[in-house]
Amino acid sequence: MKTSKALMYTTVYLTVTALLMTVATGCWSRKEIESLAFVTAVGVDRSPSGKIQMTASFAKSGALGTGERQTSQEKPFWVETVEGNTMFESFRNLSYLSPKRPYLPHNDIYLFGEELLRETGLKPFIDFINRQPQPRLTARMIVTRGATARDFLQAEFEGMTMPSEALRAIINNLVNAWGTIPDLTIREFMCRMESEGIEPIAMCAELIPLEPDIQLEGEVTREKVKATATLGGTAVFKGNYLVGWLDNFETRGLNWILGKTNNTVIEFPHPGAEDKIASVEILRATGKFKVEVEDDNVRALIEVEVVGNIGCVQESVDFLKEPGLWTKFENGVKNTIEDEIAGAVATLQQLGADAVGFGQDIFRRKPKEWARLRDRWDEIFPTIEADISVEVHLRGMGVILKSIESR
Amino acid sequence: MIRRLAKKMRAVAWFGGKKRSGNKKVWQSGPSITISDVLEVNERRIRQAFKGSFDLVYRRIAIGKDGCIAALVVHIDEMVNPQSVISAIVERIVDKTGSLTDPNTAYTHIRDRYLELTGVTEECDFHKMVQEIANGNTCIFIHGVAKVLVCETQGYNQREVSQPTTEATIRGSKEGFVEALPTNLSLIRRRIRNPRLTIEQYILGKVSRTPVALIYIEGIANSRIVEEARRRLSSVNIDSVQESGQLEELIEDAPLSPFPTLLRTERPDRVTGNLLEGRFAILTDGSPFALIGPATFTMFLTAPEDYFERFFAGSVIRSLRYVAFIISLTLPALYVAITTFHQELLPTPLILSIAAQRDRIPFPAVVEAALMEIAFELLREAGIRLPAVLGQAVSIIGALVIGEAALRAGLVSAAMVVAVALTGISSFATPIFSLAISIRLLRFPLMLLASALGLFGIVAGLAAMVTHLLTLRSFGVPYMEPLAPFVAQSQKDEVFRAPWWALDERPRFVGEQDDQRIAPGQMPRPPAPDETYESDR
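Quick mapping for you: the protein sequence lines, in order, are chains V and H. Each residue of the first sequence is one higher than the one before, starting from 7 at the first, in the numbering used here. Each residue of the second sequence is one higher than the one before, starting from 1167 at the first, in the numbering used here.
Same shape as in the complex, but just chain V (with noise of 0.2 Å):
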């Protein structure tokens, strides 16, 4: 009985202590949400001081048009910009700008100036997004060609207003209907920099200026020429540095390589009329490669297997009649398939960057030929000849047969 009774106490005084205790240590890392300012977009510019120079655009919350309130008419975010030695101190100087506190994890998005990456690298910025808890390694990068993250944080897009978010969908859009976007992530990112024999790839956006509807007086300045972003094609790095872009079917191509076009848009000149062009839908695509060594003779085995129907023609045909013109049909589609992935090889090898990863098949399939050639590989990758098969099956013709003839 005593000893119950002891221990009922010795229950009591723990709980009670540790009840105590939760309290007084003052909830060291709470953060009320409304004192929050969530980042949806961080772009990085190097500034004319040559400082690293960070803009960051927060969601307005209370803009939004969410619960109760009306949607207003004001703009649903704002973005600061801020300078800074490092990524870290340039976040923490946007708390002298923001009354919130500025609060990364819901950002999807990190924009990259062109200019800063030639120049400087990525590492500096990669190693503050990789360290830090905050950072969501499933965010998107983007390098802005031809202007500055700054500029394109403040573009206007029609239907989604938060840039964030606008950029989310359009990135979406092509990934899905297109294929001529590279869809990876900034963890993905990561892992092409850290691997053997394969380059770092990121997406590629530009700004479109809108045409202004007054005439401009006296300085033009960003506020004043509106613009609108698109995207497409793809940034190709070389290690750390930024070392040129593959065009919307360059990148479609290097798409149809790693297997990664879903359902996109081919067109190609029409096999029964002159002048004229037929457009097919891809329904599902699969592509894989091989890559063959022979003492320093390299090819690569490219093998793109696609499914389509066609999409619209200018000049009508009848497939009925015609049995040939299938097979012409496919053959059109194959050559385009075709010379889009050599264009995408050619201009890679030009650059010299390997964004395949031919070299990563090698390392891992042969790893005592890539011991060899690994050093080598420089001058070797531009040497490498690509031996490019492509399948096609159309399977449907729409919901037609024919096609209207005119009398």
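Source of the hints: derived by calculation from the structure; they are not laboratory data. Be careful, since some hints might not be right.
Claimed, not checked - Below, in silico cross-link-like pairs of lysine to any residue (SDA-like), each with a Cα-Cα straight-line distance of 25 Å or less: (1) V/K106 / H/Q1509; (2) V/K37 / H/I1527; (3) V/K37 / H/T1514; (4) V/K334 / V/E311; (5) V/K106 / H/G1576; (6) V/K282 / V/G402; (7) V/K81 / H/R1526; (8) V/K66 / H/L1573; (9) H/K1372 / H/L1347; (10) V/K296 / V/S201; (11) H/K1294 / H/E1209; (12) V/K37 / H/A1536; (13) V/K66 / H/R1574; (14) V/K408 / V/S322; (15) V/K11 / H/E1418; (16) V/K296 / V/L190; (17) H/K1313 / H/R1211; (18) V/K106 / H/R1574; (19) V/K296 / V/E375.
Since the structure is predicted, the reported quantities are computational estimates derived from the model, not experimental observations.
We have chain V; now place chain H onto it with these hints.
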């Protein structure tokens, strides 16, 4: 400071555990007295015993040939059925004994032949006789006979058997217990017409002398558990038992735990269902709530309907109830933790929306949550207490003030209102009120932990709670059985309920004696194609 606290704690414990010597003499019956053969002596003694209470009826009648034998009929006016006293006793014995002259003969004749009542017993002990009068029975004294006839004439107003108010079901019996023990026993007997249904009576309460029934099924119930129940009931020493809740606190296993270790129900079908699993039930006169033991945690999340609806529906509804249990325990704490510590957990649009709502709220999330929870508890408590006619007023005020006005006034955010409403609704989904109360109590410490430590605090709190649950036992049966200790066979009837034709065994621990519940192989099937029929075609 801690030492002083310890002293105080000891003082409190001493106060609670102190044995107080009450005025025992009043409740002792004193030396046993036999009944006198003189009517006047008996009447005087009875008047003395009842301290001259005005509601006792002393009816002198003259029976026998020409009324030569004097008799006395004593009962309490409002405790008996007047019909049976007048017609079945007074009229009968006056009519029938007209030829008798010897009091002893008259006595035996009345006892054996004349009374038409079901219960007639003989009593020689005065104190026992007095108790019988207090129970509502009628005593017949005959001058010259030192014995008394006790006739069962209990009859008093009682509520009719009606729908249970706290445990409603859609499918299943609509009968609920009432306050009168015999009626309640009849509700159980009617459902299990088997001589092995054993009902033991206990008279508890030194002052109230309340009949309490211990019910089990001999041959199914574990005899050691029943023995333990007997032991605990016999050791109850209290002045009065007004409600089974008092009894519950005196015989339960974990008096200091927030979790109930006896199941309390208003439904006869729940009682019989549990009796058939091998548990026992305790019914108290004056209380429509039966106690069922040994109780395990999962029983509190079970509703009779689970067994009456088809098993798909039964299983889904029951698993929904488990979800509701978790929601009602943790949702406010989760809200607090996520909005103050883990803003990265929610999708961006949702977190922005919550942030927008919280923008103008002057309080930290935990205060906001506590405010709303307290308001809700107040509303609920008021809803139970207030007269039914005012119910509408309170619900209007509640809905408007809590739901709308607080929101518009910027005291709380809409997300919080949703969270509190969900919590409230979920807690109503707990079928047994006593568990719902414990959850309500535990929600607040969890909220506090969440506000101080975030999800880590919630996990710590839940871990402590689970540890505590694992230490509990009810009449020797582990409280978390069959989850821990894990009993694979019993999983058929836990979160999901298997169809009846698969529920072949009674639960382990309580129903081990006769563990076959339903004969195997009873899954209904369409008849096999008939050979002759096939050949006919």
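Going down the list of hints, with the structure as the test:
no., hint, in the structure
1, V/K106 / H/Q1509, "holds (14 Å)"
2, V/K37 / H/I1527, "holds (14 Å)"
3, V/K37 / H/T1514, "holds (17 Å)"
4, V/K334 / V/E311, "holds (17 Å)"
5, V/K106 / H/G1576, "holds (20 Å)"
6, V/K282 / V/G402, "holds (21 Å)"
7, V/K81 / H/R1526, "holds (19 Å)"
8, V/K66 / H/L1573, "holds (21 Å)"
9, H/K1372 / H/L1347, "holds (19 Å)"
10, V/K296 / V/S201, "holds (18 Å)"
11, H/K1294 / H/E1209, "holds (15 Å)"
12, V/K37 / H/A1536, "holds (18 Å)"
13, V/K66 / H/R1574, "holds (21 Å)"
14, V/K408 / V/S322, "holds (8 Å)"
15, V/K11 / H/E1418, "holds (18 Å)"
16, V/K296 / V/L190, "holds (22 Å)"
17, H/K1313 / H/R1211, "holds (15 Å)"
18, V/K106 / H/R1574, "holds (24 Å)"
19, V/K296 / V/E375, "holds (14 Å)"
The structure shown violates none of the earlier numbered hints.
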